[in-house]
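Residue-level listing of the chains:
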Amino acid sequence: MGVEILMNEVGVLPQDSDSAGHHVLPDEFEDFYNRHSRAIYYLALRFLGDSQKAEDATHDVFLKAARHLDQFRGEASARTWLYKIAINHCRNLQQSWHNRHMFPSSDSPVWETTAGNESPLRILETKELGCRIQTALDAIPPEYRLLLLLVSDEELSYEQVGTLTDQSVDAVRGKLHRARKAFVAAFAKTE
Amino acid sequence: MKQQSKFSTHQQHEQDAELHAAKKAGLEFDSVEQLLRHDAAQTAVPQGIARRLGESIEKPGVPTRSWWRRLLE
Chain L
-19 MGVEILMNEV GVLPQDSDSA GHHVLPDEFE DFYNRHSRAI YYLALRFLGD SQKAEDATHD
41 VFLKAARHLD QFRGEASART WLYKIAINHC RNLQQSWHNR HMFPSSDSPV WETTAGNESP
101 LRILETKELG CRIQTALDAI PPEYRLLLLL VSDEELSYEQ VGTLTDQSVD AVRGKLHRAR
161 KAFVAAFAKT E
Chain P
1164 MKQQSKFSTH QQHEQDAELH AAKKAGLEFD SVEQLLRHDA AQTAVPQGIA RRLGESIEKP
1224 GVPTRSWWRR LLE
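So the protein sequences, as listed, match chains L and P. In this text, residue positions in the first sequence follow my numbering: the first is -19, and each later residue adds one. In this text, residue positions in the second sequence follow my numbering: the first is 1164, and each later residue adds one.
Accuracy of the hints is not assured; some may be wrong.
Lysine-lysine pairs mimicking DSBU-like chemistry, simulated, CA-CA at most 35 Å apart [stated by the list, open to error]:
1) L/64 with P/1222
2) L/64 with L/155
3) P/1222 with L/44
4) L/169 with L/155
5) L/161 with L/64
6) L/44 with L/64
Honestly, the hints are just simulated from the structure, not real lab data.
Turn these sequences into a full structure, and let the hints guide you.
Shown next, in the form of structure tokens:
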């Protein structure tokens, strides 16, 4: 049942065939991955603030999803289900010994990944903006960071964000207001 | 005269298009959510994830990175 729902989702243009154009994922999983991978990777990247950790987390989240497709009952949307896995995974990573004791290297290429087909100027702009966004997100409480990242996904309703963060819609709205203010203040300091 | 008017209209269209492009390049956002959406749209998913994932899916039950490797990295 769940698998059928997932596989019936509208796919997007394949972006993860290898350079030779060969498919690297099982056909039935590829559309699912292409449809949700950007959202999951972006959440992991901005929540963890480290591109390598985000890459690993995205891999692990989709691997868990692939191995537990039979547990997806279709009560929530596939995106919500994946976010739930991703949030738990990222929180576990943040609480791990490694994360509490190690600091990311200064040359970590967090800002190096930008979409293709852009002029150099555009890439420079994007890098600067991405850097400022990450700095601002790092400066606000993780709860606010997560809320802002989730509500910025247009596929999620406030109800779904509430479910994902274990709180009521009213609580989401109240905290979101404070989260926006905190982000704007932190973002202004990055200028 | 009519031709000149046509030319002026064309020029105006070009100027409007340039202005629109410049405004877009100025990266102004109405909300935090809009800013984050733009950032997400600019963020490419590394190609290597799909390849690793494909390999991992083919090897069921084998952990992709052991706990000690995560600890050391």
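Hint check results:
1. Only pairs whose Cα atoms come within 35 Å are accepted, and residue 64 of chain L paired with residue 1222 of chain P is accepted, the gap being roughly 24 Å.
2. Taken as a hint, the residue 64 of chain L and residue 155 of chain L pair is honoured in the structure, with Cα atoms around 19 Å apart against an allowance of 35 Å.
3. Of the pairs offered as hints, the one joining residue 1222 of chain P and residue 44 of chain L holds, with about 13 Å between alpha carbons and a cut-off of 35 Å not exceeded.
4. For the hint pairing residue 169 of chain L with residue 155 of chain L, the CA-to-CA distance comes to about 21 Å; that is within 35 Å, so the pair holds.
5. Between the alpha carbons of residue 161 of chain L and residue 64 of chain L the distance comes to roughly 26 Å, so the proposed pair stays at or under 35 Å and holds.
6. The suggested pairing of residue 44 of chain L with residue 64 of chain L holds, with an alpha-carbon distance near 11 Å, which does not exceed 35 Å.
Hint violations for this structure: none, all hints satisfied.
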